[in-house]
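**Q** Sequence:
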Amino acid sequence: MDLRKEAENLLLGKLILHKNITALSSFLSLIQSLVQSSFPEGDPRIISNQLLYEDLSLRMFSLRNRIKEGEDVAEAFFPVWREVGFDPEEIYLDAIRIRCVQNGFQEIEAAKPSAFIHRDPWYANPQCQLNFWIPVYDVMFGSGFRIYPTYFDQAIANDSNLFDYENWIKQGGFQSLRNQEEGKKIFPSSESIPEEMQPYDVYGNSGELFCFASHHLHGTSPNHSGLARFSLEVRFVLESHLEERLGPDKLDNFSKGNTLRHMYKLNGKKPVSDVLIKHYEERFVSK
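Residue numbers (my numbering): -11 to 275.
For lysine-lysine, the following PhoX-like pairs were computed, each having C-alpha atoms within a straight-line distance of at most 20 angstroms: (1) K56 with K257; (2) K56 with K253; (3) K100 with K173; (4) K173 with K158; (5) K253 with K266; (6) K238 with K2; (7) K158 with K56; (8) K244 with K172; (9) K258 with K56; (10) K158 with K244; (11) K238 with K266; (12) K158 with K172; (13) K244 with K173; (14) K266 with K244.
FYI, nobody ran anything at the bench for these hints, they're computed from the structure.
In this text the structure is predicted, and so the values were computed from the model without any measurement.
Generate coordinates for the entire structure from the input sequences, incorporating the hints supplied.
**A** Below, the structure is given as structure tokens:
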């Protein structure tokens, strides 16, 4: 497989599901043990449903930080990068993040923003960002998330013009424990339901890995499965894509700021340089 071409195809809208990643087995064993330690009462998918949303948020806050900051987690994922075919020397990573979506979360007021239909660049993510989605436990059809492929090349009305990354960071970012009323936290979303003839439902078994461009319009599906959904999200860019200014056009992205300044090289933790960020972003400045 020509990985370079495959990565560029992702930026053209291709969706890729990897079903047999051997290295994911040991990595997910580590993740599942960390999840279990956060829910020692029993099956995390059941226990998390029995908790008040506020109590679950506290447990997940600690678990997210453990996974995001754990050197053992980052090291355990290196074989996955290599098996999928990405060169770790090329990767600037946001973080390895875990999410828990309770059964019936769509009825919980505080959780509703997580279901908003959006593109990641509306949150100031770079146009060339790629995403991995990895189910920690099996996720049944309809309980994962949905992509609207038609809108990869089609704009949709949204309120991304209200999003300012500097304010977002001050308010704690995603899944912060701070009061969301404080400063009226902005979660950009589409202003209408996408008219999509063939939406793509993403779900799968533990050990599978789904890869897509963050520019895709997508949103978390309602969870009626009876079990909480635990999944990992890995957001990253390739250095060559930044250097070559690759990525889909900003069809409808009016957000302010850039998350690139908080991404870092896998080896050495070196951040993306201001020079490279400026070089990349200049491609998207209106003439």
